[in-house]
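**Q** Residue numbers (the numbering used here), protein chains in the order written: chain A, 210 to 392; chain B, 892 to 998; chain C, 72 to 1074.
By construction, these hints were calculated from the structure, which means they are not laboratory data. Where hints are given, some of them may not hold.
[Unchecked claim] Pairs of lysine-lysine, DSSO-like flavour, derived with a Cα cap of 30 Å:
1) A:K386 to C:K329
2) C:K78 to B:K995
3) C:K99 to C:K223
4) C:K78 to C:K455
5) B:K918 to C:K959
Listed here are the chains, written in short residue letters.
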Amino acid sequence: MSEPVSALKGATAQGFATIREIGPVGMITLRAKPDVKALAKAIKAAVGTEVPALRRIVTGGDRACGWMSPDEYLLVMPYAAVAGALEAIAKAMGGEHHLAVDVSDARAVFRVEGAKAEQVLAKLSPVDFATLEPGELRRTRAAQVAAAFWKDGDGFTVVCFRSVGRYVFDLLATGAKPGSELA
Amino acid sequence: MLLIECPYCGVKAEETELSPGYEAHLKRFGPGSTDEEFEAYMFARKNPKGVHFERWRHAYGCGKWFLAARCTATLEVFGTYPAQVGEPPADIIEKIKARRPDWKGYK
Amino acid sequence: MSTRLSKGGRLIDRSAAMEFSFNGKRMKGYRGDSLGAALLANDQMLVGRSFKYHRPRGIVAAGPEEPNALVNLGSGGRLEPNQRVTMTELFDGLEATSQNHWPSLEFDVGVANNYVSRFLPAGFYYKTFIHPRPFWKHVFEPIIRQSAGLGKAPKDRDADRYEQAYAFCDLLVVGGGIAGLQAALVAGKAGARVILLEQNAHWGGRAPVDGDVIDGKPAGEWVDQAVAALSAMDNVSLRARCTAAGVYDHGYVLADEKVADHTPGDGRPKHRLWRIRAGKILTATGAIERPISFAGNDIPGVMLAASVRDYVVNWAVSPGDRTVVVTNNDDGYRTAITLKEAGLAVPAIIDARANPSGDLVAKARALGLRIEAGRGVAKVKGGKRVTSVAICLQAGEGAVIDEIACDAVAMSGGWSPVVHLWSHCGGKLTWDTVNACFRPDPQRPPLNHDGGALVYAAGSANGAMKAAEALVDATAQAEAAVAALGFKSAGAKAPVAEAVAEGPMEAVWIMPQGAPVTLKSKMWLDYQNDVKVSDVQLAAREGYESVEHTKRYTTLGMATDQGKLSNINGLAVLANALNEDIPQVGTTTFRPPYTPVTLGALAGESRGEIFQPLRRTPMHEWHERNGAYFEPVGLWRRPYCFPRTGETHAQAVIREVNNTREKLGLLDASTLGKIIVKGPDAGKFLDMLYTGVMSTLPVGKCRYGLMCNEQGFLSDDGVVARIDEDTWLCHTTSGGADRIHGWMEDWLQCEWWDWKVYTANVTEQYAQVAVVGPNARKVLEKLGGMDVSKEALPFMGWADGTLGGFPCRVYRISFSGELSYEIAVPASHGAAFWEALHKAGAEFGAMPYGTEALHVMRAEKGFIMIGDETDGTVIPQDLNLDWAISKKKADFLGKRGQQRNFLASPDRWKLVGFETLDGSVIPDGSYIVAPGVNANGQGNTQGRVTSTYYSPTLKRGIAMGLLKRGPERMGEVVEFNTITGGNVKARVVDQVFFDKDGEKQNV
């Protein structure tokens, strides 16, 4: 069997911010209502974090759990850990109504890094970065496609659908071109 | 461009992050309904100049459908609330009455 | 002549000389010059020709209101037409050329229109071009097209880049004059997030030019300190060269920042369009001076009075050696004083008022200036330049009292607040009788999402015309705005500007009051569109009463300046002609943008590769490498076919079909929608969604399903697989995944919210390959890893396993009628799996095929395609799909809709196949003609073609289509019309053309 290949094979671009495609990254969509008792156990078992609060992402090492909607969570982990995590979720949830699916390959993931990284995103998304709180996962629009991002270290992690990975990469690279700093 | 707060995730979303879903609180008429009932459900949608209840989906956000009470003439938004209700919540009704004393009411 | 003064010029840097050219003539200017200032410094007053009469026109203003001085800037990929010289910053190497003349600016043939102007009255186009009708196409339209517009559209691709950005603030302050600066200071100190925009490169607006003194300091000093203070605030951001173009609902503002207009080619974006969301907006946009209507007021050298002193003070440019000032207010005296103090001659101040008084008038008298009170201009004389002014009694009919030689005229008809942004979103205006202008009505502001005021106007934009009152007003308005935003004021005190006692202005609109038609027909209202006082009066005589109608009839205010100088004057003339008051006549509607925004800025980054998102499958690069010809399917790009060297697309499709039917074809089917539906109520839910029954589908099996909307019309189709006891996987059409996923969530969230069902759109998680043809099983067996035999994996079954080491799910489904496996692998293995199939399949004759071969093969089998056989008015029954509609279910989405009696009519157009008698292919879009004509005299129809192809398998044209009572008419010959005229005869046949019993797929 071949090695998994990310959408853009790790493409990078350098401008006033650095754009890197990272991945493949393991991702699971977990749908369950927050009042399901086993949810906390399942998330703990899968990625080792707490259940995130509204619009938050909880990170622990190379794993994270983000709040996507009132009954949806995004679990992030190393690509190879997905199968094990899915098993752990199934075991923890038992007969509780839920849905857990591997979406690792449905996504393209980018890092936008540098002191002015948010200026690149401010060109694409109708998001007020001054009010974006630490650990907030924002689902929004990047120009003409759906995207989600959160601040992590010295930049942002940006997630979009795999098929538009090239489009989003080109958008980010264009937005980061030297000389187009917003401030 | 409208700015509407999603009642599920709290994001003040601009119109481009939302998709519209027309009239709220429709009662579905399926098999067994009369032609008149079906026509009213399917085609005779409200289109008032003034207070209106409508459906929106936070399509580029949490993906949830929600309902909004809005004045179609001034674009004032009286409030938004989750879609899983049969009627507008009392606090929104009260707010509309305060803002629009001559409003004839939800029905 | 106009010239550069030896001293002064607060904005220019005399140590930084710059070269530029106008119509090829080399000229010199300084850093800090506007192009307008630099042209005047080089005695270039004549800059263009008017639109209709080609009259010579000069620079009138110094700001965005300039109607005449529009030029082409640059060339090739940097050519920009219709650029205002007054808003263009000079840079070294700038090239400008004038517009709307032929053959040259100095000698223009089109000026002949000027001599036939009495034949070009208001509404000329409407009156003249109605009859005879053929003349429109062959005579009038070509002439109009030839003469229409001002600059020519660029032909080359724009060499620059543009971008957009979002910004958010509590208070957006528009305008960086003293009112805007003061408002920003108040809001900034109160802790609000403030964005302050200024359209010019410099701050301070008019006050430094007008010599105002603020808090005991010259206004310029106060401005510098205010800008420094604001720059030091973290919560305030300042943007110069940034014009707020429009205010929209809920505090949304578009602003055009001219980032690199003055530094072309430096790699920065040329413009940046800001999409600002503001809690409140404060417009400190100032006021625009009005011209006065007198005969010859368009002759080059006639300028706005305040603009004349802008040129003198800001750029040390004198528009003329001897300038006559014409005014109806005290502000005009400032210009006279400024000119005099700069050492220039002011032969006279012609004041329409009988008894001018006030500080400025006194000062002018003290300077020894000649004041002609109660006088007006009978006529300005001159051709390409003013030579003299004939004066008369303002109260009279124009009998000339005296003629004064001069080379410039500075006119001031009073000031109009810039109310555009206030008005864009519904703010109403009130008539200010003191200043004779419309100003914002604070009782009727534009409203925000909470029903409160969205916009606050301040300073002269709010009718507070003098510096002292503007600062007080700005402070009060900003305090009100920040209080409404929930901030506590830091106790701001308004700076104090020295008061200047001014006498009242007089609302004089034309000179002289009793001017006869001969004079009125030389009084220009709208310079750019060549609309005169006589035109508006003619419109009134012809019965135009509404200002909106008059505007369109005369084209007053419809040029690129949108009537910034002409609207109020035109209104006054109309009101006078109608014998009404100006407020009764009302204004036209102000619409965005305030000044033109270049299309590049509106497009932003969306050009070239990122014009729109293209969705690519994991195999996209392979397709590109292997010469695929792509077609758009939604935003996806799918290979239409893979033409080989020397092959046409049609030949490639034939080869791909034949190869697939005879050997082995491989299709990238990754775009197919895939939605997981899971939960205890999932079966119940899918039974509502599909017309058929999905709850009874056994685990491990697939079933074809149809989805309808509530009206009963077919909306999507696809194969559903039961994955486990409470999990289904629904395939949708390629373009339909997001829509159907949204449709599912709509019903789950809004109607059946107590049902326990979760959905997930996993379309992009998988790459999917259709392995099709007699050799399909052989290649899979060669890859090995799972049993794909007929027994282990029968038709309409699916199984998980591995093939060639790839984890996969194999569906035994067929859209071609061949032995077929659709194989899903994780997308990150898609490209490798696709290549492995080609490698293993080489010995079996594997070839890729595209969407067109797919379409041909499905049509040969009579399978429908959503979007071809359906168009939103077709129910499944029309397509003979009754077998896929459950009779037992009490309800499903669309069932009630399908029970409507017109859908049960036997006269419905229903699906059949067609074979042309001559074997040709029926043209796409053809209708089946019926005898007679309908009520509109159009030929009747009885059906239409929905899919039509050349069938390589049958070697003839085949088609499917909808025909009235179709299935009852087998064997009948019908006629299709064709787009080129003429008809094609075809026989009605069964829609399945090939392998009716499915022997090929069930092996």
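**Q** Now, for every hint given, state plainly whether the structure supports it.
**A** Consistency of the hints with the structure:
Restraint check for K386 of chain A and K329 of chain C: the C-alpha separation of about 17 Å stays at or below 30 Å, so the hint holds. For the given pair, K78 of chain C sits about 71 Å from K995 of chain B by alpha-carbon distance, which is inconsistent with the 30 Å threshold. Between K99 of chain C and K223 of chain C the alpha-carbon distance is near 26 Å, which keeps this suggested pair within the 30 Å criterion. Taking the CA atoms of K78 of chain C and K455 of chain C, the gap is about 28 Å. The hint holds against a cut of 30 Å.
Straight-line distance between C-alpha atoms of K918 of chain B and K959 of chain C comes to about 24 Å, which keeps the hinted pair within the 30 Å bound.
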